[in-house]
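Asker: For chain X, the structure is supplied; the task is to place chain E on it using the hints.
Taken in sequence, the protein lines are chains X and E. So in my numbering, the last one in the first sequence is 476, and the numbering has no gaps at all. So in my numbering, the last one in the second sequence is 553, and the numbering has no gaps at all.
If you're looking for bench data, these hints aren't it; they were derived computationally from the structure. Each hint can be trusted.
In silico EDC-like cross-links for lysine to aspartate or glutamate, where the CA-CA straight-line distance does not exceed 20 Å: (1) X:129 x E:140; (2) E:191 x X:454; (3) E:331 x X:65; (4) E:245 x X:436; (5) E:102 x X:186; (6) E:384 x X:79; (7) X:269 x E:103.
Here is how the chains run, residue by residue.
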Amino acid sequence: MAAAAGMGQQWVLVEMVQAFYEAPAYHLILEGILILWIIRLLFSKTYKLQERSDLTPKEKEELIEEWQPEPLVPPVPEDHPALNYNIVSGPPTHIITVNGKECINFASFNFLGLLDNEKVKSAAQASLKKYGVGTCGPRGFYGTFDVHLELEERLAKFMRTEEAIIYSYGFATIASAIPAYSKRGDIVFVDEAACFAIQKGLQASRSNIKLFKHNDMADLERLLKEQETEDQKNPRKARVTRRFIVVEGLYMNTGDVCPLPELIKLKYKYKVRIFLEESLSFGVLGEHGRGITEHFGINIDDIDLISANMENSLASIGGFCCGRSFIIDHQRLSGQGYCFSASLPPLLAAAAIEALNIMEDNPDIFQILRAKCERIHKALQGISGLKVVGESFSPALHLQLEESCGSRENDVKLLKRVVDYCMNSGIALTQARYLEKEEKCLPSPSIRVVVTVEQTEQELDKAALLLKEAARSVLN
Amino acid sequence: MANPSAVCNGHLHHHHQKQNNLLKSGIYKKNGITKGAKKNGVSNGTVYKKKFVEHFEQAPMYVAVLTFLGFGVGTIFGYLRDFMRAWGLEKRNIAAEREQQKDFVPLYQDFENFYTRNLYMRIRDNWNRPICSVPGPQFDLMERVTDDYNWTFRFTGRIIKNVINMGSYNYLGFAETDVNALKTVTIELQKYGTGICSTRQEMGTLDKHVELEKLVATFLGVEDAMVFGMGFATNSMNIPALVGKGCLILSDELNHTSLVLGARLSGATIRIFKHNNMQSLETLLRDAIIYGQPRSRRAWRKIIILVEGIYSMEGSIVRLPEIVSLKKKYKAYLYLDEAHSIGAVGATGRGVVEYFGMSPDDVDVLMGTFTKSFGAAGGYIAGKKDLVDFLRTHSHSAVYATSMCPPVAEQIIRAMKCLMGLDGTTQGLQRVRQLGKNTRYFRRRLHEMGFIIYGNDDSPVVPLLLYMPGKIGAFARRMLEKNIGVVVVGFPATPITESRARFCVSAAHTREMLDTVLNALDELGDFLHLKYSRYSKSSHPELYEETRLELED
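With the rest of the complex left out, here is chain X (with noise of 0.2 Å):
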């Protein structure tokens, strides 16, 4: 059977041969063609992916001769608003040192005076001692000191939340503290008036950010209807998405508090959480100074997250967040300013925890605060070509142009000049500084009054009226 086959298939080769000899010429070029034809098809790319650039390596060689980098940085030109620093002699107190002019201090944020108090330095210097000055190392590596436990429990036990954690930088601390919690695809709800540090935590964690007019809830309740709509379209995806609202307390551009119980409504109505930057608002608001949850008497537990820095009021270095555990112990694996940076200065601790001693025993300091500010508001109205811009209560107040004469270089001009002025008669004011071509919203140019309570009634009424006699002479 098998030799059959074999004869069979034999046969039908001879058979093949046969016909190939018997076909005509025309048939075995067609053929051939045919066969050729497959074999190119076989070989060659059906489609094109991209156009293929096979440079040689000469080519090569001569794009990489020719390109020209920009310059690592481009010339600042020597008349920069921003380059001649004012550089001043000495601690930055009531009294300051400003280019060699001695001048009340109306721009440092030292609002309680804590800066050169005795005590807080005596503290310092105490710690001084014992730790020396650097940690040498992060948190987590031989760099948490007994100070920094007593300062957390410190600053929980005052702002009465279960747990605090404490930052070496106070912009780092809600910079990092964004990131930690929220993530790619989270989406975030932001006033467009929040500070650089916000926008820097937005912009590392990557979110979605939906930014709401400054302190406008319909604009925010907008906002958040629309994501309940998507929601609904998506809710699988809704399920994970994690949703905050980042405000400020008494914000820095502008000076004014956020409406913080229509937030938490809208909190509870929409289930989003509220992170809540202090920095300002942070011994300075409330009877006791602890802030703007205080000020509108909130249960401090509605807010999920609370970070201040420890750079204005504590007249110390660094910020801390806090809330409940459950949130706030999330940090120290996933703070990113905390985790890898090497922890606060033992001395700066302590400075901190003497301060807020202080601030413990003279709870009236924020009442005394509070009426310095109101003074100063009230005389500061109805300056011919500037306009106050801010709450009466804010310790740091902004002047701003009442009509802007055309470009935003020409404002500032116009208002170093005014802050010249006062500087020359001996009252320190700066003007707020902004990175133009970062800041999400650029605020308007002004001029940032600060007060504090070092400063006497008199001194207040000075400095108004400087700015106005400076007003009067620059903008008129």
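Answerer: Coordinates of chain E only, in the frame set by chain X:
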């Protein structure tokens, strides 16, 4: 005394060469791959003025298998315990969401914290150990115990005195409380207080900052410098000012989080090259220039290479000479983060630039921190005047962040003056030399004992490989029992199979302290089976003699 040291150097050279040959000819072939030896073979030609020896010995295969097995067992038990917690068979210690917010979208995904809950929690006592003294060569630890398997800690009130500190980055021993040394700091603290309450551009530039910046520029031999209040923020808040959209960042895969964050915030395109691998970097550079930006095909506006001087988890030193020649060839810019290397390497402590005998002009952006060698806080960026002027106007930190605290600035000034010999003593130089000696001694002894340690022979950061997750806790706890404080690191800070202990050698460590640590390590290494190295211990007996010679001068 100058001559003997020169002779010593000669010897050193010689021995390394021998060691190298040994590695290449014998052990390398027999026992598998040693990255260090391979690299040395390639590049120790002309660019390096002295031998550049780095080790990355690979552990035997069975170690990797056991390590994965360890993680596997841990994971299985993790799931089991999660299951038990879910059914109420085990107490839930984790803090819970508020009742009122139970119906909110959960703040954490359950799986995100699986590792923390089930693996990290078992050995959590080895991190964040609180101390209550200066972080000098020895410190005092606050004893803490746990009643619930590390979920919470309780202080016993007892203080563990004089624990040898192998963890702090106190390379030059400037973390000290000596009254004389801190005299000026005390004075400045009394004068200025602690706060600034303003930013550099507003009202926060003090005469102290100007003084410090001038000194830093002189110390580094550059035109100008600017200082910032936090080391981490120096990177994360200045890189975005330097590069932006249309720029390319080439970043080493092991760069610190602050560099990574800065790069991300800048909006530039980021490409990663293999750790300290020049071929990988060159390929990226060539491709970037030849092919331009993806999709738009425009040429890159500029290319910046981000590297660190000493890598804090590997102990390796950047291959600066090669990087500089690459950067010059391809017209890229170089940003060098000297967080761990400034003060710690180089004949007079001026960092890796000096270590390789190069000019500071070869590096476009010199960045460093004051947290480590200087025992203070903060960071600097130094370079050409153009660069620093640009940062003064555009740095995020200068505009929005509080400037450096004056007593901290004074600590840096006094440490730097000491290093420069401006205090009229040679103490600074002695510290740098002592650190070098301590480093070489410590590394050599560990090699001899048969541990696998990573990194450069001159790097004071000494990672000792533990591999298995179970050994992390065991190692750190037993070392503490012997009154030695060590840092242990595991995944995710390291690759999953390369858990390690990291020692930071300090100039303040005495020979006795190092010997105590080494003896403890020797004992523990046998007990925990940590001596994985396959280098023959007897292959270079000359090293013993040489070590002694060098330590005596």
